[in-house]
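**Q** Listed below, chain by chain, are the residues.
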Amino acid sequence: MATTVTQKELKVKAFNDLIETHVALAGSGPPVVFLHGAGGLTWDPFLDDLAAKFTVYAPYHPGTAGDPDAVRQLRGLWDLVLYYYELFDKLGLRSPAVVGHSFGGMVAAELAATNPDRVSKLVLLCPIGLWRDDHPVQDWMGMKPENLYKLVFYEPEGPLAKQMTALPTETDAKHDAIIKMTWALATTGTFVWPIPDKGLNRRMHRITAPALIVWGKHDRLVPPIYAQEFASRLKKSQIAMIDKAAHVPQLEQRQQVSKLVADFLRG
Amino acid sequence: MKISMFHLMPHRELPADFEKKYDSVWVDLPWSELADAGRVGQYYNWTLDELVYADQMGMDGVCVNEHHQNAYGFMPSPNLMGSVLARQTKNAALVQMGSTLPATNPPQRVAEEYAMLDCISGGRLVAGMPLGSSPDINFCFGIPPLEQRERFREAHDLIIQAWTRKDVFSFNGKYSQLRYVNTWPKPIQTPHPPVWVPGSGSLSTWDFTAKHDYCYCYLSYFGNNLAKKVLDGFWERMDQLGKDRNPYRTGFLQLVVVSETDASAEREYAEHIKYFYDKSLHIAPWFFFAPGHIDYKSLVRSTKTTLDAINKLAEERKNWKYKDYVDNQFVIGGSPQSVADQLEEATRKLRIGNLMVLLHIGSMSHELTKKNINLFAKEVLPKVHDIWDDEGWENHWWPKKLLKQPAVAAKR
Chain B
1 MATTVTQKEL KVKAFNDLIE THVALAGSGP PVVFLHGAGG LTWDPFLDDL AAKFTVYAPY
61 HPGTAGDPDA VRQLRGLWDL VLYYYELFDK LGLRSPAVVG HSFGGMVAAE LAATNPDRVS
121 KLVLLCPIGL WRDDHPVQDW MGMKPENLYK LVFYEPEGPL AKQMTALPTE TDAKHDAIIK
181 MTWALATTGT FVWPIPDKGL NRRMHRITAP ALIVWGKHDR LVPPIYAQEF ASRLKKSQIA
241 MIDKAAHVPQ LEQRQQVSKL VADFLRG
Chain U
1001 MKISMFHLMP HRELPADFEK KYDSVWVDLP WSELADAGRV GQYYNWTLDE LVYADQMGMD
1061 GVCVNEHHQN AYGFMPSPNL MGSVLARQTK NAALVQMGST LPATNPPQRV AEEYAMLDCI
1121 SGGRLVAGMP LGSSPDINFC FGIPPLEQRE RFREAHDLII QAWTRKDVFS FNGKYSQLRY
1181 VNTWPKPIQT PHPPVWVPGS GSLSTWDFTA KHDYCYCYLS YFGNNLAKKV LDGFWERMDQ
1241 LGKDRNPYRT GFLQLVVVSE TDASAEREYA EHIKYFYDKS LHIAPWFFFA PGHIDYKSLV
1301 RSTKTTLDAI NKLAEERKNW KYKDYVDNQF VIGGSPQSVA DQLEEATRKL RIGNLMVLLH
1361 IGSMSHELTK KNINLFAKEV LPKVHDIWDD EGWENHWWPK KLLKQPAVAA KR
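Residue numbers (my numbering), protein chains in the order written: chain B, 1 to 267; chain U, 1001 to 1412.
Read the hints as simulated data drawn from the structure, not as lab findings.
Be a bit skeptical, because a hint or two may be false.
[As the list claims (entries may be wrong)] Derived pair list, reagent style EDC-like, types lysine to aspartate or glutamate, alpha-carbon separation capped at 16 Å:
#	chain 1	residue 1	chain 2	residue 2
1	U	Lys-1304	B	Asp-172
2	U	Lys-1186	U	Glu-1113
3	B	Lys-144	U	Asp-1028
4	U	Lys-1297	B	Asp-69
[Claimed, not checked] Calculated Cβ distances over 12 Å to all of chain B for the following chain U residues:
#	residue
5	Gln-1042
6	Ser-1077
7	Lys-1166
8	Pro-1191
9	Gly-1242
10	Leu-1281
11	Ser-1335
12	Arg-1351
All residues carry an ideal CB built from backbone N, CA and C; glycine is no exception.
Whenever a hint applies, use it, and build me the whole structure from the sequences.
**A** Shown next, in the form of structure tokens:
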């Protein structure tokens, strides 16, 4: 995916200096933290759009850049939340807006729930974190890749899906890509295995930040019914259901979602 | 050499179109479509009878293991099988390969049940301490993959302390917090039963077994040719760590089928071998290794060195016939003499002191299994039993009371 914005990469130590976090940084304007999904961080055109209007801080989840075992310093979700507050401190962010996609959406909601003062606005792009037995979130870590693509993309055979899922043809690069993806799933997955319901349900009432909930109407990984589940637990929220999009609406309908998010963050 | 019969207790009658109809033999295979409890009761009883028969025929040990939610081998509780075997066998070691440590909670349960088995059997237990497979531990039992190894090590420390400490102690672990650990009973064997750790070739397990002086067992269905590379690595690592080359430091699993002649072996066993590799091992790749089940270093190593070879082999194997499995040593098969010759070559090549042989394979009937056990014990075992005797090593990884017994089957 071609991106246009120049990013810098910061390395910041947090959590009693035990974890050195790589943070992609670009743009100017008010700060926005972007928390990526289970597959790891790829700087994409949606982040370009954000960076055109905001200063975007996109931290790599512990273990997905730098020391692969850094994630082992965190014993659970509570540690992960406290670690992020320390990272925010190191970045000089008192109460930034936080945009989170999928796994990152759950983390964003946890950050806003544990200490509501640390998140000023919340954008949740198809977040995980809640559970309904009648509409289970699908098991993205135990599934045939082709089947996963059918759940994640509105057009599983379309150019975006191809671009996001194709492995490099060159052997070393292909192996590196497999390792990177596997380890991203491992290090994020450890906080939500085997069912991504770790008590957010009981903490969400604490969230004071206004929230924008964005969902692809065709998301089959985390069914759109969860948009209402999130909204019903939040004090101030709005839902945007996106046509012709599934689990990556910010790329599947990028212009529309970029505008929605920017308007919400500036409003 | 010590030679034990391994049993998986598989489903023996999967339908012909099984591997076409279902994605995976493990994790999400529907019981109600494929199994009948009454019939499965028969499988368990056959399995027990076959292992008891192996003891009667003079095999050194009998091995059972733990797996869940599958038709490949479903002894969810190896210690239930072990308790029957503790009563019904007389001379064999009970090689429990065994209770999976990360999924037994609290882990003293392993210490207790193994001690019970050791008490009931009069000190014949070999305490297998498996990490557990990814389908079992992560997908069936819900343990986060990244925690699996850490949980294993913590459980191991607790079990060894539970067996060896004389005081009542507190155990403040990350995964187990126990105010009073005071395990009743303790095992007969002191300081504790020999420990075997099954592994799949990862460096961290080699170091772990070396550190504690345990027996490392490489359990693979891909035969001794492919195992050579792994075990060469193991022995080199032992050299680096200053450990001796005592062959009893390792174990290996080999599929073995014996008949009167090479030709009759093919005639009798070919379909069962095909069944085993096509159906019993029809494991969906996405359930085989959950992300994080192997640590980062091993992930990099296996992706870069073996991933493509494994995929290629899996493709080739689809067209394999009996002869290919035997030629490639996935299976050692043939007449007693030819099996003995191949086994000797394999064990010397790998430097294995504790050999496990899978004598029931896939869809083999009870009768054919007994024949295989009979021929193996009577005509192969005596030919390979003394392979390491001339080197004079002591087997520290075998129940002591069983070492004093005459080692050759014919004498019993």
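**Q** Next step is simple, just say for each hint if it's right about the structure.
**A** Each hint, compared with the structure:
For the hint linking Lys-1304(U) to Asp-172(B), the alpha-carbon distance of about 8 Å falls within 16 Å, and the restraint holds. The straight-line distance between the Cα atoms of Lys-1186(U) and Glu-1113(U) is roughly 10 Å, inside the 16 Å bound, and the hint therefore holds. This hinted pair checks out: Lys-144(B) and Asp-1028(U) have alpha carbons roughly 13 Å apart, not beyond 16 Å. A distance of roughly 10 Å separates the Cα atoms of Lys-1297(U) and Asp-69(B); the hinted pair therefore holds under the 16 Å criterion.
Even its closest Cβ contact with chain B, about 32 Å, leaves Gln-1042(U) beyond 12 Å, as expected for a residue assigned away from the interface. For Ser-1077(U), the non-interface assignment is confirmed: its Cβ lies about 21 Å from the closest Cβ of chain B, beyond the 12 Å cut-off. Remark: the non-interface label on Lys-1166(U) is consistent with the geometry, its nearest Cβ contact in chain B lying 32 Å away (cut-off 12 Å). Even its closest Cβ contact with chain B, about 31 Å, leaves Pro-1191(U) beyond 12 Å, as expected for a residue assigned away from the interface.
Taking the minimum C-beta to C-beta distance to chain B, about 27 Å, the non-interface status of Gly-1242(U) holds against the 12 Å cut. Listed as outside the interface, Leu-1281(U) is consistent with that label: its C-beta sits roughly 18 Å from the nearest C-beta of chain B, beyond the 12 Å cut-off. Here Ser-1335(U) stays apart from chain B, with its beta-carbon at least about 43 Å from theirs, past the 12 Å limit. Non-interface call for Arg-1351(U) relative to chain B: holds, since the shortest CB-CB distance, roughly 31 Å, exceeds 12 Å.
In summary, the structure agrees with every hint in the numbered list given earlier.
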